[in-house]
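**Q** Given next are the chains, with one letter for each unit.
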Amino acid sequence: METSDASAVADRRIRDVAGVHLTREDRADLLRYMVMMRASEERALTLYKQGKVPGSFYDGRGQEAISVGAAYVLAPEDRTCILHRDLGAHLVRGVTPGRYLANYMGRAGGVTGGKDGNMHFGDRRLGSVGMVSMLPDMALVAAGMALSFKLRGEPRVAMTFFGEGSTANGVWHEAMNFAGIHRLPAVFVLENNRFAYSTPNELEFAVDPVERARTYGFPGVAVDGNDVEAVFEAAREAASRARGGEGPTLIECQTMRMHGHGAHDDMRYVPKEMFARWEARDPIDRYAERLVTDYGFEPEEVDELRRDVRAYVEECAARALESPMPEPEQATEGVFAAAFEPLGDGRAPWSHWRRNGEGSAP
Amino acid sequence: METSDASAVADRRIRDVAGVHLTREDRADLLRYMVMMRASEERALTLYKQGKVPGSFYDGRGQEAISVGAAYVLAPEDRTCILHRDLGAHLVRGVTPGRYLANYMGRAGGVTGGKDGNMHFGDRRLGSVGMVSMLPDMALVAAGMALSFKLRGEPRVAMTFFGEGSTANGVWHEAMNFAGIHRLPAVFVLENNRFAYSTPNELEFAVDPVERARTYGFPGVAVDGNDVEAVFEAAREAASRARGGEGPTLIECQTMRMHGHGAHDDMRYVPKEMFARWEARDPIDRYAERLVTDYGFEPEEVDELRRDVRAYVEECAARALESPMPEPEQATEGVFAAAFEPLGDGRAPWSHWRRNGEGSAP
Amino acid sequence: MNAITATRTPAQAGEMTYLAAISDALREEMRRDPTVFCLGEDIGAFGGAFKVTDGFVQEFGAERCIDAPLAEGAIIGTAIGAAVAGLKPVCEMQFADFISCGFDQLVNVAAKLHYRQGIAVPIVVRLPSGGGFSGGPFHSQNPEAWFLQAPGLKVVAPATASDAKGLLISAIRDPNPVCYLEHKGLYRHVKGDVPSGEHLVPIGEARIAREGEELTVIAYGSSVRLALLAAEELDEQIEVVDLRTLCPLDREAVLASVRKTGKALVAHEATRSCGVGAELAALIADEAFEDLDAPVRRLTAPDVPIPFSPPLEHAVLPQLEDMKEAIRELLAY
Amino acid sequence: MNAITATRTPAQAGEMTYLAAISDALREEMRRDPTVFCLGEDIGAFGGAFKVTDGFVQEFGAERCIDAPLAEGAIIGTAIGAAVAGLKPVCEMQFADFISCGFDQLVNVAAKLHYRQGIAVPIVVRLPSGGGFSGGPFHSQNPEAWFLQAPGLKVVAPATASDAKGLLISAIRDPNPVCYLEHKGLYRHVKGDVPSGEHLVPIGEARIAREGEELTVIAYGSSVRLALLAAEELDEQIEVVDLRTLCPLDREAVLASVRKTGKALVAHEATRSCGVGAELAALIADEAFEDLDAPVRRLTAPDVPIPFSPPLEHAVLPQLEDMKEAIRELLAY
Ligand SMILES: Cc1ncc(C[n+]2csc(CCOP(=O)(O)OP(=O)(O)O)c2C)c(N)n1
Ligand SMILES: Cc1ncc(C[n+]2csc(CCOP(=O)(O)OP(=O)(O)O)c2C)c(N)n1
Ligand SMILES: [Mg+2]
Ligand SMILES: [Mg+2]
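Protein chains in written order, with my numbering: chain A, 809 to 1170; chain B, 809 to 1170; chain C, 1005 to 1337; chain D, 1005 to 1337.
Hints are not guaranteed to be accurate.
[Claimed, not checked] Here are the simulated DSS-like cross-link-like pairs (lysine-lysine), alpha carbons at most 25 Å apart as the crow flies:
1. C:LYS1195 x C:LYS1055
2. D:LYS1328 x D:LYS1195
3. D:LYS1055 x D:LYS1195
4. D:LYS1055 x A:LYS1080
5. C:LYS1055 x B:LYS857
6. A:LYS857 x D:LYS1055
7. B:LYS1080 x C:LYS1055
It is worth saying that the hints were derived from the structure and are not from the lab.
With the hints as extra help, turn the sequences into a complete structure.
**A** Pasting the structure below:
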């Protein structure tokens, strides 16, 4: 997204509105989770390079504001299907960096206990249904969860994410159409990071998919995906519409995938100037700066927060490395469930939901 | 579609434009093919009631203007995927009522020789790829044919049809999106006959799907599907855009399915007034009237044409009834092709393409 | 919920069709458990293509018998979501053939979620399957073998009215995704005594439909009736094992019978290669090898799409005569 | 077209990897026949997830190596349309697992069109399949058995570099839809002499990969290498039949070998129930029954999704030790 005068004004307006909803501690949290995502993924990449991560490695570098800003609006009883660029949402909801790292390494202590790898995980006890690889299948699962909320008359929200490339798949259309017909309480976060693997926008669609929301009967809004408060504010409004029975919202977050599709991908297909332009808009640096310039944080305070988070991730990594590999017998267990166990609630650090000190992180 | 002053003006305008493209004989043809479709389907329904049609029976009563008007614009080398309400398109392209009736009865002389039934047929030699049941899979096949025309730089068109209910399926989205990205020479005819089986529009989508065309990067136009010249004109323009390299068009034809989904369906879910409203707008009666009032046909001429066509269909039925059942040995033959045989060309009765007397019907 | 159970009118006991038994099971479970709901095309006001949910909208409301748009992926995908969030969706494919349009949701999302994440997916997918009435290549398929190649799905295929009810109730209560194959040829042609009220047939247990000493026919769905008719007409010592569940297979029941008789004919309407019959034959050839007195034979449709025209379809689908012939041949071996 | 053929640079003869052989076949055919083109995700400028089409855009242009949107239905569906209109599309699934997303187009449109309408559909669907590298439940599947339950599809699964080339060229020239399973574990680990230029391996013919008198291992894809290694290490009279084509099966080659040895072990990496191994075992148990000296055994993955973590995946996929053990057991029978 290019910065224009008009969008600058819009940005300012969003920030003002968000201001009403975010406390000082919320703002620290937003930065904290973004840094935690960045630090966790950097640590994972190191583990990958050290040969400790089997298979391949994927991260969401540059997209941290999206999953953090969006997930931050959720209440405990809301539900999520979190995708492969969205570690931040897992962290907000309560997955520790250690369990993430252990999962990447295929350890028993990982979220899936070694059954599944990379970002294909979700913690049932935190209300999260782990993504499948087939994109964007989780959009239908999220719609189905939203359907259950609607049928039971519960003011709850299902939130899911997908890349812009995934909108070309028929599953996406079926999910949007179904959610529109039934005005389901779903929040759909579209991450337009310019590419699907190596495929650029112009080979994915002729018209930006955010335009389509209206033709499914609900609003589509485009926001600066590298501005965590802009994402937060759009998600907050969408979740509140959903809870109020007004149906789904499609939020397109304009961003850029700052690493290759996976660690094996050298991104040779990305124009250098394009990359440089987005590099200057790093969501973490930008927000750290804003905390100081706009919200009265001391530079030292911000630095300390970043240092603390990195130290915490380091600790988590050490514990993850101690986690053993799963036992081979596990391989044939769990194909069938013996009983139904419900999803649990996720953490909800936003001050709006806060009770009894819950929600301070790390 | 409700008749309003504005649409009446638009109708008039369309008629004026179409006038440039249609000769007197073309107009007679349009009526002829619609009547042929009506008569053939009525004859098939009788055969069904007599127990001569195995399985189920489906027709396109009330929708005759759509398949006839759209297919009438095609050149011989254009290609089609024709659907279950569109017998008129088969007739225009050269399938005789006899081969249609024989196919319904599972006879050796049917288009598929008994391999497939009801409307699941297409004559390879007439450039038609027979529909599969799964809707709207043929939209992708048509897009693929259009892709081949584009890759070879040929000014040819692929035309296909689908009901409004089918637009809810992911396949539809994938076809539209793909066609939009590559600006394929495809004409997509959407028949909004108000229902998918028993399911009304409001449970199929929140917003009329014609609105979506724009979000795939090409025009969507809505026309009165019970006005054969309106359909013809929209299709003519769409085909000419396609041939000129300007990409696909989505034409929504507003109409009503005047029979049940199949012969077994009593349509109890259709409001009586709704049915009555559409009954008054029968595409054949309306056009027959217009030929007299607007285009200088004698009433007797029109009556004679209708009589002749019905007599022709009767003859065809007699021959179809003489066609034997296929031999059981055929059942296991033809699973694999021994060699590739190309599609042939369809008939193209529109005066625009006429050479050497080709194209008079029946 | 207890209130609902208490006030329900008891279902009619006695004979009913296979089709009525399916409706009955569904109605019973919806009355008993408010989390059960139906999702499918034209199942609401219209009552479904085969009228299984006729009257359901009136009794349970449109919210518990949802008319889905024409999108099988959406039906299965949203059912998965609703299931993990605590409901118990019963999906109807208008014809089993359309499962190919929601295949990915079934084999990749539903089937693997518990193994991968410990999340149970209690959905039932009802699949009106099978041919014999000129349905043609897209309304006659028997897709069960696909599901056995997608670990994580349970698969049942009742042959009687009683099992149709009992297996559907068990499927709804099972915490796993269950593919429920209801053969359209049995809908109105098969009748039988069906226990009223709660009636459960355990998933995973075969049934000896007929006892005999000389040959075992292992069948399911529509082939059970064919096997029983053939056995009767031939008046020989034929044992008929009605599998009822295809996954997990009741291996012990199959092996015990074959060990006793020494001869096995595996029968199904689905096409041959890699069908359930292949799995059974392989099982027998491995684990009952020493007891076999004859080759393991299969009676199935050949590897062709199911044609429309009656003489063609008749040639392709296993007929009573074919069953008798196959039994006779194997008996004479 | 002749001009293109005439000016092409001759391919390098000699040893190449299985992966290079696939590229080589594709390049050869695209040079020879201007109607051949590729369609898939990220196959253009990027050269494909596994680099099979690396350099193709440069040589053939973006119009003959099309980067598709993320929509497998669109890839297969439009390929069908292009094929019936006279082109010869070669589709790439980024991983074989994604075929479930285009399944309907494959099994209902492509597979049945010739039977129903006499319209040939000359498409190839390339399927990078198989596990062994921690790809997890969605990047490790072997979906071949599904295709055998969808009459109208040919299915090939080369085990050597030479067959990878020869079968791909045959698949492209075949007038039918062909599912081409390329096992990712063989891409760089299998090397061999590959004839340069035109090299055809007929679809439907198995290959005796090793001769022996005491036991037949019937295998394809990655299991062939395992069987050959095991046979070598055990140093026994083991015959290894490399199927190469799974549909149509070379029944005669399988039966001839088993009739000679009297013992059959069927091996594949795919999960067990209703796999290709079941079909082979059923075939043998029926038609070679009298020559069997032992039960027909199968070595396959169990019926579970393929797990990610190395110890789990290792436990699930058949290993060399498992192959040796199964052979030893059967030899001792
Ligand atoms: C149905 C399906 N086909 C192919 C793939 C392989 N694949 C994995 S990620 C990816 C690109 C996804 O692009 P996008 O949706 O834009 O998400 P991003 O990775 O850019 O966040 C592809 C093609 C897949 N995961 N699912
Ligand atoms: C994928 C798929 N699912 C279900 C069906 C069963 N079915 C046949 S026609 C039909 C309704 C089609 O409605 P619409 O697309 O509006 O076409 P119409 O019949 O009204 O012309 C349905 C649900 C089908 N053919 N394909
Ligand atoms: Mg992207
Ligand atoms: Mg309709």
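**Q** Now tell me, hint by hint, if it's right for this structure.
**A** We went through each hint and held it up to the structure:
no. : hint                  : verdict
1   : C:LYS1195 x C:LYS1055 : 17 Å, holds
2   : D:LYS1328 x D:LYS1195 : 23 Å, holds
3   : D:LYS1055 x D:LYS1195 : 17 Å, holds
4   : D:LYS1055 x A:LYS1080 : 23 Å, holds
5   : C:LYS1055 x B:LYS857  : 22 Å, holds
6   : A:LYS857 x D:LYS1055  : 22 Å, holds
7   : B:LYS1080 x C:LYS1055 : 23 Å, holds
Hint compliance for this structure: every hint is met.
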